[in-house]
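Chemist: Sequence:
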Amino acid sequence: MLWRLRHGQTRHVAAERPGELLCLDTFYIGKLKGVGKVWQVPAGDAASSNGIGRILPVLSAAAVAGFLRHVIVPAVRRAGWSVQRVLTDGGGEFKAEFAQACRERSQPSRRPAVLRLRPAAPWLPHPRSDAGDHLPWGRGGHSLNPCTTLGRQTCRHHSESGQSRRTV
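Numbering (this note's numbering), first residue to last: 16 to 183.
Calculated from the structure, these hints are not laboratory results. Be careful, since some hints might not be right.
[Stated by the list, open to error] Each pair of labels, with its calculated beta carbon distance range:
1. Gly-45 - Glu-119: 25 to 35 Å
2. Gly-51 - Ala-29: 32 to 42 Å
3. Val-86 - Ala-111: 11 to 21 Å
4. Arg-84 - Gly-23: 35 to 45 Å
The beta carbon of each residue, even a glycine, is placed where N, CA and C say it ideally should be.
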């Protein structure tokens, strides 16, 4: 909103073809009994909204690079696409080995494969998809509802009366 007020337009992260821009981030899930700390690494395609994610027991550039090399790239190839650019927030897990894995994927005649955005402040509004609060992940109508992950109770965003209420 601040960008729109200053510049009169809205900034969008967009891609025209699948594989053109892949967006990655990491989230701390918590400590699980018998397992320890775990992190989620979701990757979403900006053009098609297809996505894939994994749970990692360790958060490091090497672990995220392995996710890129051994999970994302093969999945994108099976779909008939190729990864052209990767968008991250520039956190420590997206440096060193991860940056090297992206350089291995990039072509010398093109610009660097890694784009970095500064992390948004937590008090800023989060981007919303066309589907409202339920972002599409994967194919076949599957959706990832952020309010039902991690064993939380079902979220009731949209009641029949049109009021927005959330119970988690």
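Chemist: Compare the structure with each hint and give your call.
Modeler: Hint-by-hint comparison with the structure:
1. Gly-45 - Glu-119: 25 to 35 Å: 33 Å, holds
2. Gly-51 - Ala-29: 32 to 42 Å: 38 Å, holds
3. Val-86 - Ala-111: 11 to 21 Å: 19 Å, holds
4. Arg-84 - Gly-23: 35 to 45 Å: At roughly 42 Å between Cβ atoms, Gly-23 and Arg-84 fall inside 35 to 45 Å, so the hint holds.
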